[in-house]
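Number of protein chains: 2
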Amino acid sequence: MDKKLIGIDLGGTTAKIALLNKEGDITEKWTIKTNIEDNGSNIVQDIGNSLNQKLAELQVKSDEFYGIGMGTPGAVNFEKGTVKGAYNLNWVEEQNVSEDLGRITGLKVHLDNDANVAALGERWKGAGEGGANVVFVTLGTGVGGGIFAEGKILHGVRGAAGEIGHVTVVPENGYDCTCGKKGCLETIASATGIVRVAKDLAKDFSGKSKLRDAIINDEEVTAKLVFDFEKENDELAKLVVDKISFYLALALSHIGNMLNPEKIIIGGGVSAAGDALLKPVIAYFETMVFPAVRESTKISIATKGNDAGVIGAAWLALPNEEA
Amino acid sequence: MDKKLIGIDLGGTTAKIALLNKEGDITEKWTIKTNIEDNGSNIVQDIGNSLNQKLAELQVKSDEFYGIGMGTPGAVNFEKGTVKGAYNLNWVEEQNVSEDLGRITGLKVHLDNDANVAALGERWKGAGEGGANVVFVTLGTGVGGGIFAEGKILHGVRGAAGEIGHVTVVPENGYDCTCGKKGCLETIASATGIVRVAKDLAKDFSGKSKLRDAIINDEEVTAKLVFDFEKENDELAKLVVDKISFYLALALSHIGNMLNPEKIIIGGGVSAAGDALLKPVIAYFETMVFPAVRESTKISIATKGNDAGVIGAAWLALPNEEA
Numbered sequence: 076m077d078k079k080l081i082g083i084d085l086g087g088t089t090a091k092i093a094l095l096n097k098e099g100d101i102t103e104k105w106t107i108k109t110n111i112e113d114n115g116s117n118i119v120q121d122i123g124n125s126l127n128q129k130l131a132e133l134q135v136k137s138d139e140f141y142g143i144g145m146g147t148p149g150a151v152n153f154e155k156g157t158v159k160g161a162y163n164l165n166w167v168e169e170q171n172v173s174e175d176l177g178r179i180t181g182l183k184v185h186l187d188n189d190a191n192v193a194a195l196g197e198r199w200k201g202a203g204e205g206g207a208n209v210v211f212v213t214l215g216t217g218v219g220g221g222i223f224a225e226g227k228i229l230h231g232v233r234g235a236a237g238e239i240g241h242v243t244v245v246p247e248n249g250y251d252c253t254c255g256k257k258g259c260l261e262t263i264a265s266a267t268g269i270v271r272v273a274k275d276l277a278k279d280f281s282g283k284s285k286l287r288d289a290i291i292n293d294e295e296v297t298a299k300l301v302f303d304f305e306k307e308n309d310e311l312a313k314l315v316v317d318k319i320s321f322y323l324a325l326a327l328s329h330i331g332n333m334l335n336p337e338k339i340i341i342g343g344g345v346s347a348a349g350d351a352l353l354k355p356v357i358a359y360f361e362t363m364v365f366p367a368v369r370e371s372t373k374i375s376i377a378t379k380g381n382d383a384g385v386i387g388a389a390w391l392a393l394p395n396e397e398a
Numbered sequence: 076m077d078k079k080l081i082g083i084d085l086g087g088t089t090a091k092i093a094l095l096n097k098e099g100d101i102t103e104k105w106t107i108k109t110n111i112e113d114n115g116s117n118i119v120q121d122i123g124n125s126l127n128q129k130l131a132e133l134q135v136k137s138d139e140f141y142g143i144g145m146g147t148p149g150a151v152n153f154e155k156g157t158v159k160g161a162y163n164l165n166w167v168e169e170q171n172v173s174e175d176l177g178r179i180t181g182l183k184v185h186l187d188n189d190a191n192v193a194a195l196g197e198r199w200k201g202a203g204e205g206g207a208n209v210v211f212v213t214l215g216t217g218v219g220g221g222i223f224a225e226g227k228i229l230h231g232v233r234g235a236a237g238e239i240g241h242v243t244v245v246p247e248n249g250y251d252c253t254c255g256k257k258g259c260l261e262t263i264a265s266a267t268g269i270v271r272v273a274k275d276l277a278k279d280f281s282g283k284s285k286l287r288d289a290i291i292n293d294e295e296v297t298a299k300l301v302f303d304f305e306k307e308n309d310e311l312a313k314l315v316v317d318k319i320s321f322y323l324a325l326a327l328s329h330i331g332n333m334l335n336p337e338k339i340i341i342g343g344g345v346s347a348a349g350d351a352l353l354k355p356v357i358a359y360f361e362t363m364v365f366p367a368v369r370e371s372t373k374i375s376i377a378t379k380g381n382d383a384g385v386i387g388a389a390w391l392a393l394p395n396e397e398a
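Residue numbers (the numbering used here), protein chains in the order written: chain L, 76 to 398; chain R, 76 to 398.
None of these hints come from the bench; they were simulated from the model. Owing to the predicted nature of the structure, the values given are computational and were not obtained by experimental measurement. A couple of the hints might just be wrong.
You can't tell identical chains apart in this list, so a pair holds if it fits in one copy or across any two.
As the list claims (entries may be wrong) - Heads up, simulated BS3-like pairs for lysine-lysine below, C-alpha to C-alpha not over 30 Å straight-line:
id: 1; residue 1: LYS313; residue 2: LYS257
id: 2; residue 1: LYS136; residue 2: LYS274
id: 3; residue 1: LYS155; residue 2: LYS373
id: 4; residue 1: LYS373; residue 2: LYS159
id: 5; residue 1: LYS285; residue 2: LYS274
id: 6; residue 1: LYS283; residue 2: LYS136
id: 7; residue 1: LYS104; residue 2: LYS274
id: 8; residue 1: LYS183; residue 2: LYS373
id: 9; residue 1: LYS183; residue 2: LYS283
Generate the whole structure from the sequences, applying the supplied hints.
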């Protein structure tokens with residue numbers, strides 16, 4: 076009989092847990108609160124207990140599963156199955172996550188970081204359509220990413236592969252980034268970056284604009300508001316979306332020219348803008364890539380939303396011959 | 076007994092052929108002329124004949140080899156083992172290279188493109204030191220590259236992965252590139268690009284400079300001459316090297332931030348400049364990469380020179396469990 080999969084997407088507020096069949100369809104899904112007290116020392120136990128309880132309720136045994144896949148914040152050591160520096164979980168020191176969760180559940184645990192499992196989920200069951208070369212870029216509070224190439228997620232030598240948010244798109248006089256350098260994509264194309272660009276362009280904008288009025292009146296300005304005004308043909312909002320699209324396209328063109336994936340998928344909160352973002356990005360992208368890439372690398376919007384994490388995590392537990 | 080390997084590096088002027096042990100050490104090496112007459116229809120036969128003759132001379136049988144690996148210009152179809160669009164070989168239509176060479180020699184033939192096999196050679200036995208994540212950038216008449224990630228060479232969906240020469244480094248008002256777009260790394264950091272930058276900067280340069288004098292007097296200016304004058308502290312040459320280093324570092328920073336390889340290796344004729352190029356490139360690179368990448372991704376100069384191609388080609392023939 077085909078075995079099943081367990082996917083866990085651990086975040087600073089909640090852990091999403093799901094049971095899936097080996098085709099990646101979710102059959103059960105629930106959420107527990109992440110308890111970050113006591114240096115996050117209860118997190119793994121809480122997840123394990125919740126999982127054991129659910130399997131008992133459903134009367135399924137642990138040997139009906141290939142294993143558990145889990146996405147986590149922080150720096151993952153893939154060989155040891157440990158995590159450290161996950162500050163939103165209060166995991167500063169190294170945590171033996173795979174070993175601990177494995178002991179509690181009796182299952183083999185496969186770890187990767189949260190951006191990579193979201194990439195894997197979109198690749199497997201979302202806009203990536205199961206392709207062997209798919210890159211996922213998530214535009215949220217920050218900008219993250221995951222690269223799936225020749226059938227494998229890329230980690231690099233220090234686990235820093237896929238740091239698309241820190242690709243330098245403005246090499247001179249760029250904004251300061253939280254990473255310590257300047258001109259990163261994240262400073263422009265994240266939700267906070269978009270607001271920063273709007274406020275900056277508003278300074279020199281003298282035409283009529285509701286966006287400019289909102290900024291001057293110190294109203295709350297969000298990335299969503301920028302796109303809402305852009306749909307109303309607000310002149311300043313159009314300039315902002317054009318600038319963001321240009322720099323996002325530039326970073327995506329580097330992905331295209333270097334990796335030639337079949338799909339580059341844009342996810343995260345900002346991707347809710349849909350075509351308002353996608354169309355100008357594609358238009359710039361096509362002027363910035365090599366002809367063979369222009370014909371073969373396509374950009375689209377993520378489709379799996381919040382489920383991408385548990386789906387991609389579950390994929391990690393799939394035996395090689397099935398993946 | 077351990078079997079041996081055959082590596083072939085096919086170019087428009089010559090084909091380099093080598094026999095290697097399975098550790099990648101060359102035991103025999105020779106060169107034959109590439110006959111591009113009759114639509115290059117003799118090329119594969121000539122290589123096969125030369126190989127058969129050499130093995131007969133050495134009294135070694137074909138079953139003492141794992142197989143043949145070969146790097147070729149043009150667009151390689153890895154599944155079919157065919158090549159097309161190799162214009163310097165007069166191979167316009169699809170050629171059944173693997174099948175034909177396999178029939179002539181009785182050995183299994185593995186193909187990849189010339190930039191990728193050079194990358195594999197430097198990765199295996201050169202500056203890459205056998206690492207699992209190594210990127211090779213070659214600065215010659217053009218700029219090419221090969222990406223080795225998580226133990227595999229990346230091809231992308233249309234074989235265009237590794238086109239580092241066409242990464243857009245000047246997104247606005249860049250030079251026209253032969254690929255049809257603008258602002259490609261190749262327009263600046265290739266041997267011809269360096270001369271272009273020198274001539275361009277000379278126009279606005281009013282100080283004393285031997286490089287400027289050579290340009291004004293219509294003497295032959297080469298990339299090597301630019302670096303030679305730079306060593307003599309020529310002011311214009313220093314500006315040129317600084318500009319080239321900045322844009323090369325920018326493209327390499329994208330490799331670093333996206334792929335976090337342990338090594339980025341610079342090869343090709345321009346890399347003969349050595350530290351004069353490497354030092355300023357590293358200085359800019361370090362300001363353009365994410366902290367974890369700054370600590371873990373190192374840049375160095377290729378060490379295998381013209382042998383990189385045959386060595387990397389031979390690696391293709393190595394069975395998976397040995398590679």
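Results for each hint:
When the C-alpha separation of LYS313 and LYS257 is checked against a cutoff of 30 Å, the pair qualifies both within a copy, at 25 Å, and between copies, at 25 Å. In this homomeric assembly, LYS136 and LYS274 never come within 30 Å of each other (Cα to Cα): the closest approach is 56 Å inside a single copy and 74 Å across copies. With identical chains, the CA atoms of LYS155 and LYS373 are at most 30 Å apart between copies only, with a shortest distance of 24 Å across copies and 36 Å within one. Taking identical chains as interchangeable, the C-alpha atoms of LYS373 and LYS159 lie at most 30 Å apart only when they sit on different chains, with a minimum of 24 Å there against 35 Å within one chain.
For the homomeric pair LYS285 and LYS274, the shortest alpha-carbon distance inside one copy (13 Å) is at most 30 Å, but the shortest distance between copies (48 Å) is not. Taking the shortest Cα distances, LYS283 and LYS136 never come within 30 Å of each other, neither inside one copy (65 Å) nor across copies (82 Å). Proximity of LYS104 to LYS274 under the C-alpha cut-off of 30 Å is found in neither arrangement, the shortest distances being 41 Å within a copy and 64 Å between copies. Taking the shortest alpha-carbon separations for LYS183 and LYS373, neither the intra-copy value of 36 Å nor the inter-copy value of 35 Å comes in at or below 30 Å.
In the homo-oligomer, the alpha carbons of LYS183 and LYS283 never lie at most 30 Å apart, since the shortest distance is 60 Å inside one protomer and 70 Å across protomers.
Violation of the numbered hints given earlier is confined to hints 2, 6, 7, 8 and 9; the remaining hints are satisfied by the structure.
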